[in-house]
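K.L.:
Residues per chain are reported as follows:
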Amino acid sequence: MLRGPALLLVLRRAARGGPAHGRHCRRQQKREQSSGSGSGSGSGSGSARPQPLEPSLLRFLVCPLSKRPLRYEEATNELINEELGIAYPIIDGIPNMVPEAARRTHKKPPAEGSEHS
Amino acid sequence: EMHFGFQTVTEEERREKIYQVFENVAKKYDVMNDSMTLGIHRVWKDMLMHKMNPCPGTLLLDVAGGTGDIAFRFINYVRSVRQRQLQRKLKHHQNLSWQEIFESYQKDKFNSLGDSQVVVCDINREMLKVGKQKAQHLGYSEGLSWVLGNAEELPFDDDKFDVYTIAFGIRNVTRIDLALQEAYRVLKPGGRFLCLEFSHVSNPLLSRFYDLYSFQVIPVLGEVIAGDWKSYQYLVESIRQFPPQEELKAMIEDAGFFKVDYENLNFGIVAIHSGFKL
Chain A
2 MLRGPALLLV LRRAARGGPA HGRHCRRQQK REQSSGSGSG SGSGSGSARP
52 QPLEPSLLRF LVCPLSKRPL RYEEATNELI NEELGIAYPI IDGIPNMVPE
102 AARRTHKKPP AEGSEHS
Chain B
6 EMHFGFQTVT EEERREKIYQ VFENVAKKYD VMNDSMTLGI HRVWKDMLMH
56 KMNPCPGTLL LDVAGGTGDI AFRFINYVRS VRQRQLQRKL KHHQNLSWQE
106 IFESYQKDKF NSLGDSQVVV CDINREMLKV GKQKAQHLGY SEGLSWVLGN
156 AEELPFDDDK FDVYTIAFGI RNVTRIDLAL QEAYRVLKPG GRFLCLEFSH
206 VSNPLLSRFY DLYSFQVIPV LGEVIAGDWK SYQYLVESIR QFPPQEELKA
256 MIEDAGFFKV DYENLNFGIV AIHSGFKL
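In order, the protein sequences belong to chains A and B.
Residue 65 in the numbering used here is what sits at position 64 of the first sequence, and the numbering runs on without skipping anything.
Residue 169 in the numbering used here is what sits at position 164 of the second sequence, and the numbering runs on without skipping anything.
Bound conformation, chain A alone:
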C-alpha cells in the first residue's frame, strides 16, 4: 500500500497523465497526520458532530491536484475526487484542500495508476 510522498507522486502523475514534475510535496504531510486531523478515520473526531460545509463553496471547489470537480459525501463529511480515488476532509466546517491531507478511498485504483494489491 503506497503512502506518504510516494502516494503524492502517484496522485500527481495520475492527475496530469504524465511524469510527476519535481515539486516538493512532503511539506505538511507529517504535521497533518500527527495533528490528529483524522485523515484516516473520516468523520470520527471525538468532539461534537462535524460542521457541515457551506453549500455555496461547492460551486468553487475543485481538487487542487487535477482541478476536477468533487463530490460531497455527507456520511463521512468529505469531498471526494472519484477519478483519483481520494477524499479531502472537512474539519470544523473548513475544507482541508491540501493534497497532503487527502486520503485514499479504498476503491479500485485509478485507471492509469501502477498500484499493487
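Simulated from the structure, these hints should not be mistaken for laboratory data.
Beta carbons are placed, not taken as given, at the ideal position from N, Cα and C, and that holds for glycine.
Possibly wrong hints are sitting among the right ones.
Examples of chain A residues toward chain B, derived with CB under 7 Å [as the list claims (entries may be wrong)]:
1) L59
2) L62
3) Y73
4) I81
5) G86
6) N97
Given the coordinates of chain A, work out where chain B should sit on it, guided by the hints.
P.N.:
Quick look at chain B alone, frame taken from chain A:
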C-alpha cells in the same frame, strides 16, 4: 537553497518553518499588527479596499487571508455601497405609498450584500481558526467562506473570481511564481489581481530609521507581547529579502497579467501592486 529570513534553508524546511511561525503567532496576530505598525496597517488595508472599489455582486478570493481583515472590510464596503444604491432607488420613487416602501425594505433586506461573496483561503489552520472566531464574534456570516488551501496549488476552478487579493502573504509563499500563475488561472477574464505587501524604501534617511525600528523594536515587541522573538525576527528579515517594487512588477507580468502597476504607501514601506487578466 532558499532563504528563511537571513538563514539559508531547503525549500521543505522553509515551508515547515513558516507554517510554525504563523501557528505560533496566530492568536496574537492582530494585537501584534497594531503594536508594530502603530495601527497604520488598518489604513493600508482600507486603502487596498478603496483601490479595489468593489461593487455589489463581486466575487473575491482572499488568499493568505488568515484572520479575515480584508474579507471583513470587503463585506462592510459592499454593504455600504448596496445601502446607498437602495437609498438612491427609493429617492427616485417619489409617490410610493407607505405599504410599497415597507415592502421594498423587506425584499432588499435579504440581499444586503447584493450577492457579493468572499472566499478566504489560507494554508495555516490556526490562522483560519482565529479568523472564523473573529467572524462569529463580529457577526459576519453571510457571503463569507473559509478554505484551507495552498496559494501555489489552489483548489478552485479556472476563471471563477472577479478579484484576487493577497495581503501581507505573498512574502511567505515559497514559490511566488506558482502563486502568481494560480492567481491568473482562477481569475475571470477582466479580473483584477491586488497584492498588498511590505516593499523597499529608497529614501536613505528614512531607510535608516526604518531599519532601526525594524531590527531593534519589533522583535522586542514580539517577545513582550507574543512571547516570540524569533518569529518577529523572521518577519523583519523576510521583508528585506522580498523583491523590491519593480522586480515584483516584472514577476506579475511574467504570470500573464496586463496593466501591472504599483502604488507606494508611506514612501515604500508598503506597496500595492495591481494587474489585470485580459
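K.L.:
For each hint, tell me whether it holds in the structure or not.
P.N.:
Okay, the hints, checked on the actual structure:
Restraint check, A/L59 versus chain B: the minimum CB separation of about 10 Å is more than 7 Å; hint violated. Nearest Cβ of chain B to the Cβ of A/L62: about 6 Å, under the 7 Å cut. The hint holds. Hint on A/Y73 is violated. Least Cβ distance to chain B is approximately 13 Å, over the 7 Å limit. Taking 7 Å as the C-beta cut-off, the interface hint given for A/I81 is violated, the closest approach to chain B being about 13 Å.
For the restraint placing A/G86 at the interface with chain B, the shortest Cβ-Cβ distance is roughly 17 Å, beyond the 7 Å limit, so the hint is violated. For A/N97, the interface hint holds, since its Cβ comes within 7 Å of a Cβ in chain B; the closest pair sits about 5 Å apart.
Hints 1, 3, 4, 5, counting from the list given before, are not met by this structure.
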